[in-house]
Amino acid sequence: MSATMAGTGNLPRPLMRVRNLMKHFPLRRRAIGLGRSSVRAVDGISFDVMKGETLGVVGESGCGKSTMARVLMQLIRQDSGEVVFDGRTVGDRTLPLQAFRRQAQMVFQDSYASLNPRMTIEDSIAFGPIVHGTTPAKALDRSHALLARVGLAPARFAGRYPHELSGGQRQRVNIARALAVEPQLVILDEAVSALDKSVEAQVLNLLEDLKRELALTYLFISHDLNVVRYLCDRVIVMYLGQVVEIGPAAEVFDSPRHPYTKALLRSVPSGDPLRRLDAPPLSGDPPNPIEPPSGCRFHPRCVVAQPVCSRAVPSLTDCGDRHAVACLRWQSGSGYSPASDIGGLPPIRTVEVSHA
Amino acid sequence: MPDANLPLSPPAVMLRDLHVSFTMPGKQINAVNGVDLLLRQGEVVALIGESGSGKSVTLRAIMRLLDERGTCMSGTLSVNGKDVLGMSSRALAAMRGKDVAMVFQEPLLALDPAYTIGNQIAETIRRHERITARDAAARALALFEKVCIPSPQRRLAAYPHELSGGMRQRAMIALALACHPKVLLADEPTTALDATVQIQILLLLRELQRDLGLSVIFVTHDIAAAVEVADRIAVMYAGRIVEEGSTRALISAPRHPYTIALLNSRRHAAEQRGTRLETIGGAPPDLAALPPGCAFAARCSRATDDCRAAQPLAFDVEPDHRVRCIHTGMTAATARI
Chain A
0 MSATMAGTGN LPRPLMRVRN LMKHFPLRRR AIGLGRSSVR AVDGISFDVM
50 KGETLGVVGE SGCGKSTMAR VLMQLIRQDS GEVVFDGRTV GDRTLPLQAF
100 RRQAQMVFQD SYASLNPRMT IEDSIAFGPI VHGTTPAKAL DRSHALLARV
150 GLAPARFAGR YPHELSGGQR QRVNIARALA VEPQLVILDE AVSALDKSVE
200 AQVLNLLEDL KRELALTYLF ISHDLNVVRY LCDRVIVMYL GQVVEIGPAA
250 EVFDSPRHPY TKALLRSVPS GDPLRRLDAP PLSGDPPNPI EPPSGCRFHP
300 RCVVAQPVCS RAVPSLTDCG DRHAVACLRW QSGSGYSPAS DIGGLPPIRT
350 VEVSHA
Chain B
0 MPDANLPLSP PAVMLRDLHV SFTMPGKQIN AVNGVDLLLR QGEVVALIGE
50 SGSGKSVTLR AIMRLLDERG TCMSGTLSVN GKDVLGMSSR ALAAMRGKDV
100 AMVFQEPLLA LDPAYTIGNQ IAETIRRHER ITARDAAARA LALFEKVCIP
150 SPQRRLAAYP HELSGGMRQR AMIALALACH PKVLLADEPT TALDATVQIQ
200 ILLLLRELQR DLGLSVIFVT HDIAAAVEVA DRIAVMYAGR IVEEGSTRAL
250 ISAPRHPYTI ALLNSRRHAA EQRGTRLETI GGAPPDLAAL PPGCAFAARC
300 SRATDDCRAA QPLAFDVEPD HRVRCIHTGM TAATARI
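Protein chains in written order, with numbering that gives the first Met the number 0: chain A, 0 to 355; chain B, 0 to 336.
These are calculated hints, taken from the structure and not from any lab test.
Treat the hints with care, as some may be off.
Stretches of chain B that chain A covers, calculated by requiring three or more beta carbons in the stretch to come under 8 Å of a beta carbon on chain A [said to hold, decoys possible]:
1. 187-201
2. 221-228
3. 242-250
Among chain B residues calculated to face chain A with C-beta under 10 Å, some are [unchecked claim]:
4. S50
5. E144
6. C147
7. G165
8. A260
9. N263
10. S264
11. A282
12. P283
Estimated spans, in silico, between C-beta atoms of each pair [what the hints assert, rightly or not]:
13. A:R321 to B:G212: 46 to 56 Å
14. A:V312 to B:L37: 51 to 61 Å
15. B:L37 to A:S192: 27 to 37 Å
16. A:A144 to B:R153: 58 to 68 Å
These numbers come from a predicted model, not from an experiment.
All C-beta atoms, glycine included, are put in the ideal place defined by N, C-alpha and C.
Build out the structure end to end from the sequences listed, making use of the hints.
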């Protein structure tokens, strides 16, 4: 039994269900003769966030991670699909936006831009609770308690402005502010990416502690695969607005199924001078989400692609152990011929380093 | 012929006791506080450290890119044997791009948005060499092929904003290599890129370095990226190099407590899910008010009064592995790598 459910004690139940989420951004200029084109940022995404888990989301820039986070928070409205929180559809009469945002909060990457420069940090943290009906005096008390909890002594820090803090301290303030309305779900969008490694480790430890104490659920979006592996119970791998693989972190990292996930994992430098990479696992930049490739969107960069991959669209297929992958190779009856498959990617080639 | 023993060519870059400070209203920021660094010909040295450690300032100092007003530089700084600190602005302009070139972190800011990339490369070549526009354009095309940009002819006519991030960084490397510099300075060239693109650029840099025999200083905060390309690594903290050695020695047997902590703090992947990460408590020191002793002492678990009293000297723990710590004997015994 892994540590997946540690802390909840109960059977896992979904806190948030995302169904067929779609968000296309129309482009103003359109080519003559063509229909109106759009950036297909989020293109049919479905998954569940279990209560008490940390769900990681990884993928290259432009794959729609941040757009998805913003749609989940309803900072932008989806074109279609629905988000169900704790059994109630977000935006419905049963769960209006204000009530939902008490339950779900977000921490952004840019710690400075996400704080009001003209408000002291104690006021920034107290702002949310006041909006939700707490008296200002109580909200300020809670603000001080939270500042202390995230490691910023209120006596020293409460009256400071954002520019008087370091990046790590500001991100602690943002975390405190997110927690001020006592949410169940916190969406962390590249929340530690701008921090130095030593500071990042401190903030990651803080996030782990808070999660345990307050029984929080995290949706952790990051491009840093090492951090995701350390922090997350389950992982979603996104490519061009779609989910290509989802499963327990240990499964996805140790036995990735999708060729994209494999290439992504191999692209991370090992940090070991004896295991340097010899050739990049993936060539080229991610393609344009305006006109994504036909069939499987990864096929132009895929080393095991077959002709069928440019025609058939793979669907997320269960491959056991709560692990699902959207690849024709893993989909029986898809027309992908495993006979010609030479067993996936070529082995990692490493080079010996010469020290003269 | 034992040419390895003949000191024929001067070192690509030599820094001796380099100090750089910035005068701000009411205070002085001591960004670089006595850096000694030797970059041999054909060698790749990675300068690693956290923000504010002085790594980028050191790099910019080599090309004298820091604003002369309010910047105070002292020490010795030479490139290919030529003293840079004493150069006239004319000599500097002749050196920049020709002898030394730099690759910046954010090509979108470093490239001129109003000119096509082909024009910018051709302009650089014609600034340094007597060559026709047509020949310069042909050189630009060859450079784009060298850095593996697909459909190079079309890309040369593109403006910087029309290219993807990885392509822009390749274009920037092509621009840096336009006049065949022997020394390449790379300031966080892959930090803004995705992992899949980062490894492509790292491998491209390594390949170009080997093919062209470049001497490279590679500044990064990402140790793993440094390991991928560097022959030697120098770790900076509060404007000083606290440890320097061959990549293998530094990774497998780090001696300075800061290096050890840095290596431990990035070891997420190996950690068991749920175990706490080792952190370095506290924050880097204020560069306007540096302590008299070791700058890391305030965050170091092994710090003693001796550490706080005086600046520890750098000494060789083994050939080509220097450390600035008076407790290295102890750290070697307890380092777990």
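Of the hints stated earlier, which fail here?
-> 5
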